[in-house]
Structure formats: C-alpha cells, structure tokens
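Asker: Spelled out, the chains give:
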Amino acid sequence: MMISIHNVYKTYNQGLTNEVAALHDINLDVQRNEVICLKGPSGSGKSTLLSIIGCVFPPTSGAAQVAGKKLSRLPDRFLTLHRREYIGFIFQQFNLLPQLTVLDNVMLPLMVLGYSLEVRCEKAVVLLERLGVDHRRHFLVSQISGGELQRVAIARALINDPPIILADEPTAHLDQKLSERFLGFMEEFKQEGKTIVMTSHDPLVVEHPCVDRVVEMMDGRTRSSCS
Amino acid sequence: MNTGLEKQRNLLDYGLMSLWRRKTKNLSVLLVFALVIFLMSSFQFLTGALTDVAQQALRLAPEITVQRMVAGRQEQIPVSYGDTLQEIFGIRRVEPRVWGYHFSTTTGGNITLLGVSSFDPRLETALLQGRLPNGSTAGEVVLGQGVVRDLDLQGRRKFSFFRPELTQKTFTVTGEFKPESELLTADLMVMSIADTRDFFHISDTYATDLLVTVANPAEIETIARKIAELLPDTRVVTRPQIQKTYNVVFGWRSGFGSVCLLTGLAAFIILAWDKASGMTPEEKREIGILKLLGWQTSDVLAVRFYESFAVSFLALLLGCTLGYVHIAFFDGALFRPVMFGWSVITPHLHLVPVVRFGDVLLVICFTVLPYLAVTVIPAWRAASVPPDSAMR
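For the protein sequence lines, the chains are A and B, in the order given. The first sequence begins at 1 in the working numbering and counts up one residue at a time. The second sequence begins at 1 in the working numbering and counts up one residue at a time.
I should point out that these hints are in silico values taken from the structure, not numbers from a laboratory. Careful: at least some of the hints might be erroneous.
As the list claims (entries may be wrong) - Short derived list, chain A residues pointing at chain B, Cβ under 10 Å:
hint, residue
1, V112
2, S116
3, R120
Unchecked claim - Partial pick of chain B residues on the chain A-facing surface, computed with a CB cut under 7 Å:
hint, residue
4, K7
5, P232
6, T234
7, I289
8, L293
9, W295
10, D299
Please read these numbers as outputs of a predicted model, since none were measured by experiment. Note that the Cβ used here is the ideal one computed from N, Cα and C, for glycine as well.
Whole structure, please, built from the sequences with the hints as guidance.
Answerer: Pasting the structure below:
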C-alpha cells in the first residue's frame, strides 16, 4: 500500500474560538501505481486531505502512512525530509516563483539536495524537453503562457523523481485542450509506475480513463467511492 | 565536492540571486549601512591615528616634569630644587625649563615659547628642515607648523615679538618641526632657556619647571613618588601619565562622538528591523513554496543569513575603506573639530590611519552583528510557519 489513511481527523485552531473541523474519520487506501481523484465542492476537505498525504502537516488524530512511513508523530523536520523524497506537488495556482527563470524554478527542489549546477541543469533540461517547454528555459515564468506554466510546474514536481504525485485542482485554470494535454501527461506517469492523487471537480478529470477511482468528499467526510 | 558543501554553495547562490532580484532595495540598505560604518570606523581610525601620533611625539617628552604649586596654582620653581633632587638615587639629570604664552593678535590665540638649557639630539629627528638652536647665539628658534602659518614668514628668517613691557625681541628661524608632530608642536617656538628668560623677564634662579631624566625608565613611577615625598609643594608629572591623559582625552572624545553616532545606528537598526520583519506577502509566499518543495527551515534561514552577511560584509568593506580614505586623504575632516578640541591654532597634522583589530571588531560588534540579528530573527519567525500557507 502506497498511501494508508485510517480514522483520520484534522482540526484547525484546536481549542480556540475559531476552531474548524476539516476532516472527520477519513479512511483511504491507495495502491502503488493507482490514480485517484478526490472530488467535492469547495470546503469539503480535499486540500486538507491532500496536505496530510503530502506530509505538509500531520493529522490531529488517526493513522496516516505514506510510502511506508507513519506520519502521525513525525516532527516537521522529518515530514519535510519525507516530502522531499516521496512527494511531487502540482498546485492549482502553479506556485512558481515569478522572479525566477523557468530553469531556476524547476531546479529549486534539487538545490537543497546538494546537486551541482551542472547536474541540476542536466536533469531539468531533460524534463523540460520531455514536456515541450525547453525553448522557454531562460524565460521568466511571468513571461510564459498558462499551459507552459502548468508544464513547468509538472517538471518541478518530477525533478526529484518522486513515486507519488499530488495535484490540487490541476486543470482549474486551463482550457479543455490544455487540460487534455495535462491528463495525457498523467497517463504517461501512471505507465511509469507513479501513484497519483488529484483533487478536482472537473468532469474531464473525473471521467478520464487514467483515473482508477474517484473519492467523493463532503463536509470533511468521504461519501462514496466509485471506479 | 562534498554534498553538504555543494548544498551550502547552492544556498549561497540562491541568496545572492535573491539580493540581485531586489537590487534597488538592497542597494539602498547597503549604502545607508556603509554610511553608518563609515562614520563609526572614521572615529575609531581617527582616535587610533591621534593616539599613535601622541605616542610617537611623546617619545621625546621629558620622563618626569616637576612643577611648584602654590595655593593650587603653578608658580615658578627655584632652580635650587634641582640640587635637592640630585640626592635621589636613580636620577641622571635635572634641567630647568622656562616656558610661557605669547598672545598672537593675528589668530587671537596663544603661541607657546619654550626654552630649554640643552637640546636632546633626538629632537633633530623631529625637524622637517634646518637645525636646532645652538644655544650660544641669542634669538634662534625652531617653529611648529602652526606658528609658521600664523606668522606667514614667506621665506623670511627673522621676525619680532613685543615683550610684555612692549620692547621688541627679534628671533631667527633655524628650523621647523615636521607636520607629523603638529599635535604637540603646532603652536610651539623652541629656543634656548636664556632667550625665554630674556623674553619673559624670569631670573636665573627660577624656572617654570624642572625636567628630570632617570637612569632606568622602569623606575619612573618610583622616582616620581620619591620626588613628591621630598618636595611636597610640587606636582610631579610623568611621561606615562601624559600618555595616559592623551589616551583618555581621545578616548573620551571618540566615545562622545560615538554616542552621538549611536543615534544614527539605532535609526538604521530600526530601519533594518522594519525591513526584515515587514516581509511582503510575496516573500512569505516564496518561503511557503520553498518549504513545500522540501526546503527545511534551516535552509531558508541559511539563505537569509547569506543575504544579510553579503550586505553587511560589503557595507563593512565599503564603510571601512571610506573611513580609511577619510583619515588618510582628508585628515578626518568631518571629525577634526570634535577630536582636536579647543586649540585656536588648530594642528594641521597629516594623519596616518591606524587600523587595529580591536577597532574593527568593535565596529563589527556595533553594526554587523545587530544587522544580522535583526534580519535573521524575523526570517526565522517567517520560516517557521507551516508550508500549507502557500497552498491556500
């Protein structure tokens, strides 16, 4: 099992007047090489669940295991190390640094791993070529289109070759053609053995053949599962 | 290369890149910071230079000076006191000295006329040109550079002063002191003791003070104590005491100036704190993204440390270089009035900056370290927030 979530609760601002219960008794198992889609309206807890799977923070209670490591009691430092090794993030807003070039953005995760500039460049260029944006490598990200931004974000997520890819509303800002292209990439990654968890309410994603399972969420609970 | 070292090199690269991206903002901080360091290092270097000049000049000063005090004021001392002093074991020589002030109407300040019974041959080394008075020819003098400027001799060798009772006395210039010794010699006219006695009408049985030379310089303080016990109506001043006084005076003036500068330093620290703690939403978002990508809090802090270190190191280098240039080429023009005091004939001495490790360390402690603290601590606070802020 690549991801194993059992009886997980997440409460923000616990004990304060603005306490928010974001997840209630979540149970989710994801096999290696499986692609699942978390579907639900805004505020249903999709991003919170994605954050727990992505080792951004531990659950308030319950057991969460990602790539064989129990996250519940891991301090922040070790969550980061685990995230660095096993997780690649693709964000809704891309979260690229606009003042850096495409190449610099893609190389960011490798900087703290102690790779030399030559090695970082080599790895980044290979990925950018594969995703068809290598001709933009010296452009600032503020100078390229939305579709190219998406591909740069994918390249950055894959630069460490992580076994798990997490994508938060990846097609929210893309038109149909670019969304289909994105899903095509996901299909390729699935064939390479990656495990992919996406959040989306876009029918194009939900109904795409590469998606093995859809998990519906509502008010912090999983409602039903279908495949 | 070692992975850890390569990682630090990457973080340094990223920090320098960040500085370059915000070059306008960082350049303005660098310039203000360099200005603060320039002012502070100027003070330190100027104090060092003046203390050094004083030490050099005082090498030729008498080891012990004995002055007679009456009712708390200095009075003429009988030359016969010298015979009493010769009884003390360890005293090599006792010489009378006569000196006094002559009011200069051109500058409105006093010129010091100093007469000695014999000239120390080492004094020759303090001369820019000419020779010391030979003692047998009346009216021969050596002038300090301040007096040369004041009298405006323009190549003439002779000039006259009016005695207190308005008769004229003519002097012949035989030499000039070096500008390097101006701290002590600027307003000085050195001549034979007979000439000062003649000018001030002081009899042969009295002198202004007695100069004592000891056989063993290590015994100066002991002999001074013995003199004070033997002649209780005298004030005994030793060379180390004069050196200490110079150090205290320059230290005090430097300290006073530094306290004034601290206001500017405090303003800069507040500015730096405001700049660092008032991180823009973009900067906070950048930290969130980096943490999501696997950067540790310590990595973010290292980047911020390298940024701050680069700014402060450059500012230190620039500020200290400017401070050095200010002293070496402009003779500390900005702080001369504070450091040179109230003398009317202001010494025009040329200063050679003295850079001591302790002075540079002091500048670093008062500028670089506070800057590193006020920039890294807020960054640590910002870097400690969970990375999920970047996901919202």
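Asker: Go through the numbered hints given earlier and state which of them the structure violates, listing their numbers in rising order.
Answerer: 5 and 6
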